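Below, each chain spelled out in residue letters.
Number of protein chains: 2
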Amino acid sequence: MSGIISPSMPVWIVRNAKHGNLAFSNLNEGLGKVLRFGANSPEVIARLSWMANVLAPALRSALEIHGEMPVKPLMAQALHMGDEVHNRNVAASSLLVKRLASPLLKTRTAPADIAAIIDFIAGNDHFFLNVSMASCKAMLDAAHGVAHSSVVTAMARNGVEFGIRVSGLGDRWFVTKAPVVDGLYFPSYTIADAAPDLGDSAITETAGVGGFAMAAAPAIVKFVGGTPQDAAAHTLAMGHITLRRNDAFTLPTLDFAGTPSCIDVRRVVDTGILPVINTGIAHREPGVGQIGAGVTHAPLACFTQATMALASIVSS
Amino acid sequence: MSGIISPSMPVWIVRNAKHGNLAFSNLNEGLGKVLRFGANSPEVIARLSWMANVLAPALRSALEIHGEMPVKPLMAQALHMGDEVHNRNVAASSLLVKRLASPLLKTRTAPADIAAIIDFIAGNDHFFLNVSMASCKAMLDAAHGVAHSSVVTAMARNGVEFGIRVSGLGDRWFVTKAPVVDGLYFPSYTIADAAPDLGDSAITETAGVGGFAMAAAPAIVKFVGGTPQDAAAHTLAMGHITLRRNDAFTLPTLDFAGTPSCIDVRRVVDTGILPVINTGIAHREPGVGQIGAGVTHAPLACFTQATMALASIVSS
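Protein sequence lines, in the order shown, are assigned to chains A and B. Going by my numbering, the first residue of the first sequence is number 34, and it counts up by one from there. Going by my numbering, the first residue of the second sequence is number 34, and it counts up by one from there.
In short, the hints are calculated from the structure, not lab data. Heads up, a few of these hints could be off.
Which copy is meant is left open, because identical chains are indistinguishable; a pair holds if it fits in one copy or across any two.
[To be verified] Once the Cα atoms are required to be at most 30 Å apart in a straight line, the calculated DSSO-like pairs of lysine-lysine come out as:
#: 1; residue 1: LYS255; residue 2: LYS139
#: 2; residue 1: LYS66; residue 2: LYS51
#: 3; residue 1: LYS51; residue 2: LYS255
#: 4; residue 1: LYS210; residue 2: LYS105
#: 5; residue 1: LYS51; residue 2: LYS210
#: 6; residue 1: LYS139; residue 2: LYS210
#: 7; residue 1: LYS105; residue 2: LYS255
#: 8; residue 1: LYS210; residue 2: LYS255
All values reported here derive from a predicted model rather than from experimental measurement.
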């Protein structure tokens with residue numbers, strides 16, 4: 034990553050070192066009552082204001098002192114430490130604290146603010162998620178626009194629809210209804226309270242991490258459900274719908290095989306195996322926030338539409 | 034842990050919260066050229082001096098501000114993050130930085146010293162090892178002295194002999210020749226350069242972590258050799274020579290089973306399965322330091338001697 038922009042909503046800037054393209058993500062607020070899951074109480078707004086006025090300027094200065102921080106090695110190390118860098122980022126967030134603490138001390142930030150910043154990051158095991166998302170986006174954007182390519186370059190949901198973008202099919206999104214997630218709900222909530230699947234974070238699965246790298250993160254089943262065997266099985270299943278393994282991201286429990294990456298829409302349609310996504314679950318009403326997490330799948334309809342669109346290009 | 038004593042050799046103090054007994058360990062210097070593996074050059078002495086004069090007083094103050102830090106939950110979390118807390122402590126060391134950075138900032142330590150301290154800890158993935166050792170010692174000392182008990186309460190090596198202590202056999206050590214380790218050597222070194230097995234750190238295996246918890250740490254095979262399957266097999270094999278599983282330390286890849294703990298000397302003799310130990314390897318000449326790491330085993334003779342001693346008590 035190369036810096037932080039901080040007006041009212043500060044964002045991480047991640048640069049694809051090989052292709053030069055940039056990607057962005059806001060800074061992670063934590064779990065539960067947070068704006069991205071629909072909460073908007075005074076405590077949520079106060080936290081966002083502190084993040085914009087204290088956290089972001091300090092991190093920006095720390096990153097200037099540190100210099101560009103290659104993200105892929107951090108993600109790779111976290112995959113060796115039980116993260117899948119989507120719904121489990123405890124190792125990656127700790128590695129980030131370890132990297133940034135010393136440069137933070139060299140900024141002009143007041144010691145009390147530095148302590149508050151470290152407490153905030155140390156208290157939010159998902160802090161790295163947004164760096165992971167922007168990094169995955171930076172990798173995938175470089176793969177977009179290859180003529181006739183059937184590789185998926187984005188999967189996203191907005192609480193109503195689920196959409197994918199395909200490398201050889203330009204800016205068109207192939208959309209269908211977003212699924213409701215049968216996951217693990219926080220105490221007092223059930224599936225009846227859930228909004229349909231929502232968020233940009235499926236960009237991590239699109240890049241071959243998250244649900245695709247669950248073999249790296251057996252302990253995540255306590256958060257998203259299932260067994261450690263299920264976690265490894267998800268990774269193995271994704272091998273059937275992807276074109277290759279990413280040797281930059283290896284999985285110790287699978288004998289250091291790379292993560293399955295480059296989803297091919299044709300393979301999804303051929304096999305009927307749907308991309309697995311580790312996801313957070315938002316309450317259907319505004320103001321509540323996150324109420325659970327679980328494992329869901331990208332809907333088949335997006336992939337059949339995209340495959341038909343590819344076929345019509347090739348046959349025309 | 035409850036504090037730090039810092040004269041010329043500062044030590045961690047770990048208190049068994051239930052039984053009140055204390056255990057101690059010095060602070061980890063890192064890998065390679067370090068005093069505990071026999072290196073003694075000016076850079077080694079300078080580092081030790083900095084550790085005594087800067088690092089230890091700052092950590093002591095930070096721990097006073099933090100208050101007692103329960104170590105078992107830290108170790109348990111690290112086992113979910115790919116450590117076995119003997120030869121792989123990257124997660125535990127990161128968690129320790131995350132916990133201590135903010136209290137460090139509240140001490141009177143100069144910011145430049147705090148930055149140097151965080152850089153030192155962040156740059157030494159083995160920093161947590163000595164906390165782990167003292168914690169294991171504190172747990173095991175509480176199990177020592179149970180009449181007729183065949184449970185091993187210490188395993189240690191000094192580069193010449195390997196010895197064990199057994200709960201029901203008082204202060205007697207059962208010793209035999211220490212093995213030479215056929216491990217992974219750092220570049221330019223071979224087994225011909227190695228001293229016989231050495232160090233206090235097998236206290237971790239005695240407590241059911243380290244080699245006994247290798248199923249938690251598949252990535253460690255890059256450091257000690259073997260395959261991820263071997264790592265899991267070591268943990269499963271240790272189930273045959275231990276009396277129970279420690280539910281405080283669970284292993285995600287084995288469906289959250291506890292680590293095999295309480296080595297029974299009779300079971301070792303009955304099965305011929307020897308306790309597995311992840312170990313560092315020292316050069317046989319003074320001044321060089323650590324030259325490799327590997328997997329070794331406690332020698333059978335210690336266990337046969339102890340079993341015969343137990344038999345003579347029971348029959349007398």
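Now the hints, each set against the structure:
1. LYS255 with LYS139: Neither: 38 Å inside a chain and 35 Å across chains, both beyond 30 Å.
2. LYS66 with LYS51: Neither: 38 Å inside a chain and 37 Å across chains, both beyond 30 Å.
3. LYS51 with LYS255: Between copies, since 28 Å is at most 30 Å while 37 Å is not.
4. LYS210 with LYS105: neither (33 Å within a copy, 46 Å between copies)
5. LYS51 with LYS210: The answer is neither: 36 Å in one copy and 55 Å across copies each exceed 30 Å.
6. LYS139 with LYS210: neither (49 Å within a copy, 52 Å between copies)
7. LYS105 with LYS255: both (26 Å within a copy, 19 Å between copies)
8. LYS210 with LYS255: within (28 Å within a copy, 45 Å between copies)
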